[in-house]
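Enquirer: As a plain string of letters, each chain reads:
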Amino acid sequence: MQERVKLTDAQINKDLLRSMEENPLWYWLLVGALGLAVLVAFAAVAYMFNRGLGVTGLNRPVMWGFFITNFVFWIGISHAGVMLSAILRLVQAEWRRPATRAAEVLTVFSLMTAMTMPLIHAGRPWRVMYWVFPLDWARGVYPNVRSALVWDPSAVFTYLTSSILFVFIALIPDIAVARDRTTGWKHVLYSVLALGWRGSVRQWKLQLIAGILLSAVILPIFVSVHSIVSWDFAAAVSVEGWHSTVFAPYFVIGAVHSGVSAVVTVMIILRSMFKWQDYIRLEHLDALAKLLIVVATTWFFFFVLEFLFGLYSLEGPEIRLREMQVFEMPWAAFFVAFLVCSYFIPVPMWLFRSVRRSIPLMIFTTVLVNVGMWLERFIIIVPGLARKQGLTFTWGGYTPSAVEIIIVFATFCMVSMLVLLFAKVFPLIPIGDAKEGVVLEDEIKIGKVKVPAIMRED
Amino acid sequence: MTTNRISHKWGMVVDVDRCTGCQSCVVACQAENNIPINTEDVFRQRRAIQWIHVERYWEGEFPDVRARFIPVFCQHCENAPCEPVCPVYATYHNNQGMNVQVYNRCVGTRYCANNCTYNVRFFNYWEPVWPESLRNQLNPDVSMRSRGIMEKCSFNVQRLQKAQRVVEGQQGERLTDEKLKEGNYLPACVQACPTNALVFGDFLDPDSQVSHLKEEHLDGHGRGYKMLEHVGTEPNVIYLKKVDIHAKEVVKGHA
Amino acid sequence: MGITRRQFLKWSGVSAVGAVAFNGCLIPEQELQIESPVFLPEDLVNGIDNWYATLCRMDPEGCGIIIRVVEGRAKKVEGNPDYPINQGKHHARSEAGLQALYHPDRISEPLAREGDAHVPISWDEARRRIVDRMAGMSDRSKFLLVTQPLRGHQALLASEFVKAYGGRSMAYETLEQVTLRRSILEVFGQERLPVFDIQACKYLLSFGADFLSTWVSPVKYSRGYGELRQGSSRRGLHVQVDPRFSMTAANADEWVPVKPGGEGVLAMSMAYVIMRDGLGDQAAADALTGGGGHEALSAFSPDSQQVRDATGVEAGRIKELAHAFADPRNRPVMAIGGGSAGAHTSGLFNLRAIYSLNVLVGSVNTPGGIQFNPPPPLPELSTTDVMAMGVPASYREWKEMDRPQVLMIRGVNPVHGLPADANFRAAVEGAEFVVAFSSFMDETTAMADLVLPEHTYLEDWGDDVPDPGPGYQVIGFQQPVVSPFHAGTRGFADELMALGRALGLDLDSRLGLANVTDPTMEDLLKSGAEKLWEVDRGSVRASSFDGFWNGVLQRGGWWDTGTVDNSGIRNISPLDTAWPDISISDAPGGRAFNLVPFVSNSIGDGHLAHLPWLQATPDPITTIVWHTWVEMNTRTAEEMGLSKGDMVVVTAEGNRTVEAPVYPHPAVPPDTVSMPIGQGHTAFGQYAEGVGVNTLSLLAGLTDSSTGALAWAATRVRVVKSNLSIDIPRFEGNQFAEEADEQAIIKITKPE
Ligand SMILES: Nc1nc2c(c(=O)[nH]1)N[C@H]1C(S)=C(S)[C@@H](COP(=O)(O)OP(=O)(O)OC[C@H]3O[C@@H](n4cnc5c(=O)[nH]c(N)nc54)[C@H](O)[C@@H]3O)O[C@H]1N2
Ligand SMILES: Nc1nc2c(c(=O)[nH]1)N[C@H]1C(S)=C(S)[C@@H](COP(=O)(O)OP(=O)(O)OC[C@H]3O[C@@H](n4cnc5c(=O)[nH]c(N)nc54)[C@H](O)[C@@H]3O)O[C@H]1N2
Ligand code: SF4
Ligand code: SF4
Ligand code: SF4
Ligand code: SF4
Ligand code: SF4
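Protein chains in written order, with the numbering used here: chain V, 1 to 458; chain F, 1001 to 1255; chain C, 2001 to 2752.
Heads up, a few of these hints could be off.
Quick list of in silico lysine to any residue cross-link-like pairs, SDA-like style, CA-CA up to 20 Å [unchecked claim]:
id : chain 1 : residue 1 : chain 2 : residue 2
1  : F       : 1009      : F       : 1224
2  : F       : 1162      : C       : 2070
3  : F       : 1214      : C       : 2231
4  : C       : 2319      : F       : 1245
5  : V       : 14        : V       : 181
6  : F       : 1162      : C       : 2051
7  : F       : 1248      : C       : 2752
Just so you know, the hints here were simulated from the structure itself, not pulled from any lab data.
Keep in mind that this is a model prediction, so the values were computed, not measured.
Assemble the whole structure, with the sequences as input and the hints as a guide.
Expert: Below is the structure:
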């Protein structure tokens, strides 16, 4: 069903290595600007470490705010990588090819970014190792496995490790290409990373098996990560609006929604930056948008469920909380914005083929989705804390401080910068995948099952 | 350290009908526990620390208006939601029915505060500042908390330790046959409360005032209730209902 | 190392299994309960502490306290369980005594004015300068000593000093109890304040007295209140007639909002109903009306329009109150009055009418009613002169006082507390020489030529004959619990005795200390204690004086529960049946409100505004801290377009203005605003300066016509919105605190 553009190997190499080989001014200006924003945020973090969390807008009872929202958001974004690579790989969706690398890289960088959030939000960040690792063994104190906050780092670390492997395995053939085209220290670096890749049949086979195995392994991890993140909230019995059993699937599917949207956004940007019109084609966007319609609608279904479950209990404080989210300013504005951005504008638009194949409209809708999804996390996390139980006497609110806004803003710059820098060092579209037709086909045995070594187009 | 030789379960009975909202308990706790001076700014930032505080609830309109006071502090929940969520066991249940906070271990995630049903956990957003001379009043038995950690009512565990050492000979000294009795160990807030709205004691001691009050009030016939009982925290604090001559039967709340 | 991978794996496996197995056997029980083995200092308390009994001097009531002292530092204030007044209880204010002791802004050495600044000098030099001034003073009647109300041996000493030297003394209290004392004298013939037996009372009717917070002896009354509520017998009822919804009104079963000044009319009207309906004591009714019966009070019939206008209370409500008050089933009943009820131009009329209600229903000298205090055990402490030292001067006296030439001020701050009309500032400026004994550089001290830093009460000797007492004779003893924190401070009494010697006044022999060389306050106290010892009765008795002295210091005082005053009222003084003069200063134009100022539950009348703990103690009703605010009815505020935190300009007669934020709440009478007093200091240390505004500066200075007391509740003000708005610092959250649902925080029940 896909249109083929006939390209020579040389042309493919040239196109896809363009990001690595050309050094346009705009690229360095952009990276510089993003880097500057990240530096400012580092200064903000340093200031915060120095003065204490007093410099945030957090208070009693709203003890979690922008940082945790942002943590959940980036964890969500990170779900795009596996979603696209693993699922699509396993279901042999051919159109995935140009999207996978960008998605996986986005996963890795957004995970890394996400992890910084709980780290800097801790009151004593220099002690967080005690939280993550059983460093107090000597005194007989272990991290508390009952706490979702202990599961969080375990899940996230595992996910990070496997996604890095995932990216790396797929990257090996491309690194080999880079190795063969570079000299000097770059050549040495690529030689080491290429792990002696020569493109032999056996090597291709092994690489493929590894990729498929990882796909299978990473799927449960991917489901677990956002489930566990959701349990940070769902396990909190005292906070209305948090304590909800539907949170795990709701969060996972929400993560896919925002993650895939983010991948589309990133693909479009890269496409125009590096002139990859021939690789990231409109039909790819079309396919992703179709996927998004399904994902978004499933997510919306869970959202409705979650809301209904809340109301169904008919508990005073829960209902007061929902009223606040829906009717009280500024929450009402956030609520409307969230729904409109993440569902009611993009999904109906995606129903039209012309939208799905329009670069500006796709970038508009996918950015909108993530604005909405950021707000979604915010209005889940903060109002529940602001209106805890029937203790109206302590009910409060939250306004983020400049420090928090700067840091959150900079996380977007940081992820973008890291993706751009990655593109400087490694090809962002799998060259190997693009050339796959050339390589022989084979069947390989995984356990008792035979799978085709190359997922062919029909 | 405590031993299991003598079992205790400390708790409080608060008679809301006696509490006048006078704030004596608040300042007494402040003084006993080295709680940092709450400046005007921390109040504006809603970060004031008061391990015990008095909540005031309004009802009605002028002239038929009422304001009611209730002292709120850590309820030392048997089934404390703050405990399982702490990743580093900085808050845990000891074997005397108390929810204990180990400042040394706390990394400051604030998860426990989120999950505390009663909003009685206080986070040190800023490093506490004491003018040099005012440091002379600090209680040497109580840790100074630095910024970045959580704190809350401890049931004055330092007073318990002292009393247990003196009376029961615990803490490494030769154990005696004596057992803490009513009044051997009283928290500062209880001692201060001019109306005797706060009664503290050992629920495992059948002769204690709190046991008597519990028996009298908690079995559906008296005024006893536990705050936000439906959450299932099983607090070790029992409140006795406010008496209102205008109340019908029981206007609010389950019996 | 030569370890193969296989070996490594093997060993790791073995050690992991081993670790688990060993731990399984060894984990101590505490750890299974997840008890942290990491000790806190709380777990290892080993310090030795000492506890000393002394007196709290944060307020005039003088409760008995014990102080925990560790390594020479005072650490904690607690109520003295033995002391008859407070019986182990104390108030927020008394805890903060520690902060006065260790305050960073305490004055630590004598200071002399040079130009606009104060420079340190030595005590010898300071005393030389005083003697220079005072010894050569031509007209000694121009000497004025201003102190807080003094009692016990301090009062004796001060009065002897003034008598020996010449001149006058005046006691200063911000909101004096002059009218209260006069009314007690006139109704009951008692010079000392009586006992209000709240504990045993079953129907307590309080007019304007914020007795749970600041009025007269709040710790004692709060203790009694706990018993009234849930003591061993039937739960007592409490009705508060008050123009403001004070903390006390909030606790009452019923709050009757009354117009400021109308309290007496309300009480008279109740008396009328009680007499008309034949309730109450017939003989007392006759005596009160001079035989005229209720007819004599007909002007106060609840049905008259005049009564309704003056009180703002419906006739039906007055009748209900009267019937409930006179109902034998409600006995013992008691009516008390004070605070704003006595702070009007009709103050004395009001309080007399209120206290006479007790006479009418026979609640005098009964349990649960009003009881009297016997005179102090030592006759020299009950002479009129000494007693007078304990009675603050009325506002009129301040206003009309002769300008002193030499002014000695001790521990009070009239420059901040007296309304501008009194012109105390001018008196200080006009005096040739002003000496201030003070621990802090407050507004008054800042104007002094010589500043003498005093010990705080925790470093000094003293005693107290509580007024009101507990119904029997008590002398409380105050001892230094720590050595002076600053080397350069001295006790006021010690210094006064030294000055007396330097001036050649022969104070020592007047005080009976001629046989002691250079006596101090401690010697004076001991000589008093010796007389007590000789009496040989009461709580402390001993075979030797040393034993007795140790005994009183250990217990914090001496008392004799057997010394009850059963004298009753010698003769009932008739009610003043003429319609009272309820005048009020008017506000210029605009929407006018009755202003009801009130004393803060934490910083009091402002003399505690320098203590950070108290500044940070939330006001019970509004939870506001570190500020002055204007309480206004929610509806009224809405009508005026005001919301919480909007700044308003409050203007009183004579264009006195202050600016403060509005705090609307539902329990303010719509035509009233109230403001706490005590803030707005321009001096007084880092925690007081620049906080809030001085509400007292609004007062027009009307007085009660008979006592001359300041009518501080008789002011009307105009309130105008300004264009500023602030976030009022307070403890409560940002929502209106109402019970949210059926799972109420405060559950209520009807009485059994
Ligand atoms: N409140 C208070 N604090 C004080 C003091 C005070 O008087 N009062 N004094 C101060 C002074 S002067 C000092 S020196 C310090 C002392 O303070 P620390 O040095 O903390 O003194 P200890 O608690 O005596 O001993 C520390 C630990 O060493 C362990 N130990 C004993 N023998 C050995 C050994 O052979 N090897 C090893 N590895 N461990 C051993 C003990 O079991 C104990 O757990 O405290 C200071 N702190
Ligand atoms: N059983 C036992 N014995 C020990 C030790 C132990 O752990 N256990 N530890 C050993 C060690 S490490 C040490 S350092 C020694 C300490 O032994 P010491 O030096 O005897 O220590 P302390 O008893 O703490 O203090 C001595 C005295 O100094 C007084 N003092 C306090 N401040 C001042 C001041 O400013 N001026 C003056 N003049 N006096 C003051 C105190 O009131 C006290 O009476 O003990 C040693 N002996
Ligand atoms: S703030 Fe401290 S006590 Fe609370 S959960 Fe985090 S680490 Fe534990
Ligand atoms: S009241 Fe809060 S802090 Fe105290 S034990 Fe319960 S949940 Fe924990
Ligand atoms: S028990 Fe102790 S720590 Fe808890 S509120 Fe009372 S005084 Fe404070
Ligand atoms: S001290 Fe007692 S009466 Fe006062 S606020 Fe606290 S609990 Fe209530
Ligand atoms: S009422 Fe409080 S501050 Fe006043 S004397 Fe008594 S204890 Fe001290």
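Enquirer: Take the hints in turn and mark each one as holding or not.
Expert: Status of each hint after checking the structure:
no.	hint	verdict
1	1009/F / 1224/F	holds (18 Å)
2	1162/F / 2070/C	holds (14 Å)
3	1214/F / 2231/C	holds (17 Å)
4	2319/C / 1245/F	holds (19 Å)
5	14/V / 181/V	holds (11 Å)
6	1162/F / 2051/C	holds (15 Å)
7	1248/F / 2752/C	holds (12 Å)
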